[in-house]
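Taken in sequence, the protein lines are chains A and B. Numbering of the first sequence is given in the numbering used here, commencing with residue 1 and proceeding in unit increments. Numbering of the second sequence is given in the numbering used here, commencing with residue 1 and proceeding in unit increments.
Check each hint, because a few of them may be wrong.
[Claimed, not checked] With a Cα cut of at most 27 Å, we get these calculated DSS-like pairs of lysine-lysine:
| no. | chain 1 | residue 1 | chain 2 | residue 2 |
| --- | --- | --- | --- | --- |
| 1 | B | Lys-140 | A | Lys-247 |
| 2 | B | Lys-203 | B | Lys-18 |
| 3 | A | Lys-92 | A | Lys-183 |
| 4 | B | Lys-203 | A | Lys-247 |
| 5 | B | Lys-17 | B | Lys-203 |
| 6 | A | Lys-92 | A | Lys-181 |
The hints are simulated quantities; they were obtained by calculation from the structure and are not laboratory data.
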Amino acid sequence: MEHETIRGRLLYTSKKPEIMDKVRGGETFIITRHVDERRTLRALCAIDENSPRVLRDSVTSVDADWRPTDGFVRLTVDEKFVGSSWYRFTPKFVECEGYTEQEGRISSRIEMAHPARLFITHPIQSDAFLTQAYDLSKGPGEQLISGLVACSFHHRGADGPTLLHRPSNEGFYLRFVGPEKVKVVAGEFDALHFQIGRSTDDAYQGREEHPPYHVWVTADGDYVMLKAHVTGYMQTHYELTEYEKRKNFF
Amino acid sequence: MTQQHRTISGRILYTSKKPEILDQERGRETFVYTRHSDGKLTLRAHCEIDEPAPTVMRDIVHSLDDNDRPIDCFVRLTVGDAFMGAGLFLMSDDAIECESYGPSIGRVSQRTKIEGGYDIFGTHPIQADAYSTRIMDVSKGPHKRKLRCFLPSGDHRGATPPLIAEGYIALEYLGDEKVTVAAGTFDCHKFRFSDEDAGFVSKDGAHPTYDVWVTADEDSIFVKGGVGGYMQTWYELVELER
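Based on the sequences and whatever the hints tell you, model everything.
And the structure:
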């Protein structure tokens with residue numbers, strides 16, 4: 001096998017004064033870049049801070065153009081099984097088959113005018129993958145990314161998992177701040193700094209909009225999350241603490 | 001603040017007993033178990049088989065209830081470096097459903113009504129094989145049982161697109177041994193899978209005899225084992241954290 005494997009671990013900490021820098025969860029992930037340039041990301045994520053405490057399995061794959069092809073999400077919230085769903089993407093529709101405790105057996109399908117561009121399943125590494133949608137040839141700035149499909153629009157992804165679609169004129173804004181050198185526990189990396197979303201109000205305490213979300217990803221084309229932080233009511237911080245990349249599995 | 005589930009992770013090395021590649025690495029598997037606080041269990045395994053061709057890359061996320069009965073299972077396969085298929089299996093008291101897609105099978109929805117119950121859902125990671133031995137009542141001492149199995153692939157390496165398959169296999173409890181491998185020394189139960197009724201026949205015949213040593217505790221972790229016959233494979237636990 002000549003594929004490439006990346007393994008990593010992200011530590012979730014808090015910037016809330018009462019639990020400053022305390023661990024509030026974590027994530028391990030394995031990325032395969034297959035020989036045909038498809039990629040598969042498996043992530044196991046735990047959010048331990050307050051309810052809803054989330055344990056999430058996500059296995060998502062994209063084609064050589066980073067368009068989603070299939071996925072799986074399984075959720076445990078507050079230590080109870082919530083749901084388990086499988087997704088398939090075609091150029092004309094997206095479908096979801098699964099079971100959730102709230103809805104029972106679910107089977108849904110959304111017709112797409114254009115192929116889905118991004119599939120949001122909520123691992124932090126999955127968020128890093130979102131940033132590949134930005135056209136770097138245009139340099140720093142802001143771009144509207146459309147074709148968004150998600151398993152949950154909850155800020156923690158703590159419901160469903162079901163099939164949700166944001167109409168193409170209601171995508172999300174991605175701002176490329178620029179290249180930076182970043183040092184994290186896992187090492188020193190050439191990074192790309194992005195902001196996901198448009199909000200710049202770090203003091204905003206509402207839940208209607210996602211607070212400002214800054215991410216730094218590797219600049220080598222793999223889009224591995226190096227560090228990230230969310231302000232507002234969330235006050236979360238994420239950092240890559242383990243990282244290995246090599247040809248084939250290890 | 002921390003959730004109360006327990007996490008077990010490990011790595012199994014796949015080697016060969018074929019004379020021409022004796023003891024050489026031919027694949028590997030990493031697994032992570034969650035023992036949820038309500039007694040349910042989720043096993044994720046990422047497996048690679050390099051030899052013989054075609055290569056197999058398998059992702060499994062399989063969950064069981066607090067009585068070790070299957071709830072759901074996701075399977076994704078890459079065979080010969082090409083996407084083979086992905087699908088979800090959902091189990092209820094009286095049926096198994098499969099929603100699957102693969103280039104060779106297209107989009108498939110299956111529902112198999114289960115009459116008379118079944119013993120195990122065999123998903124093909126080596127650690128999953130080890131966990132399935134919990135179906136045996138070791139308090140009875142050494143004995144053999146015939147098991148009714150459902151699987152996401154009847155292929156010996158699980159290298160076909162996810163679809164519901166069924167068969168019977170015998171499982172024998174052979175006794176207890178202390179075993180030392182790279183990951184440590186463990187008190188183990190020894191079991192033997194045998195396809196004596198040829199319930200899993202492939203082009204190479206019935207599935208060869210498969211011996212496994214499994215930790216003699218509530219986690220049933222694979223420690224070592226191997227398959228004879230035409231396969232001549234060997235597996236050993238090289239890392240464990242719990």
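Each hint tested on the structure:
Distance hint between Lys-140(B) and Lys-247(A) is unfulfilled; the C-alpha atoms sit about 48 Å from each other, more than 27 Å. In summary, the hint linking Lys-203(B) to Lys-18(B) is supported, as the alpha carbons are separated by about 19 Å, within the 27 Å threshold. In summary, the hint linking Lys-92(A) to Lys-183(A) is not supported, as the alpha carbons are separated by about 42 Å, beyond the 27 Å threshold. As the CA atoms of Lys-203(B) and Lys-247(A) are separated by approximately 33 Å, the hinted pair breaks the 27 Å bound.
Annotation: proposed proximity of Lys-17(B) to Lys-203(B) holds, straight-line Cα distance about 21 Å (limit 27 Å). Of the pairs offered as hints, the one joining Lys-92(A) and Lys-181(A) is violated, with about 40 Å between alpha carbons and a cut-off of 27 Å exceeded.
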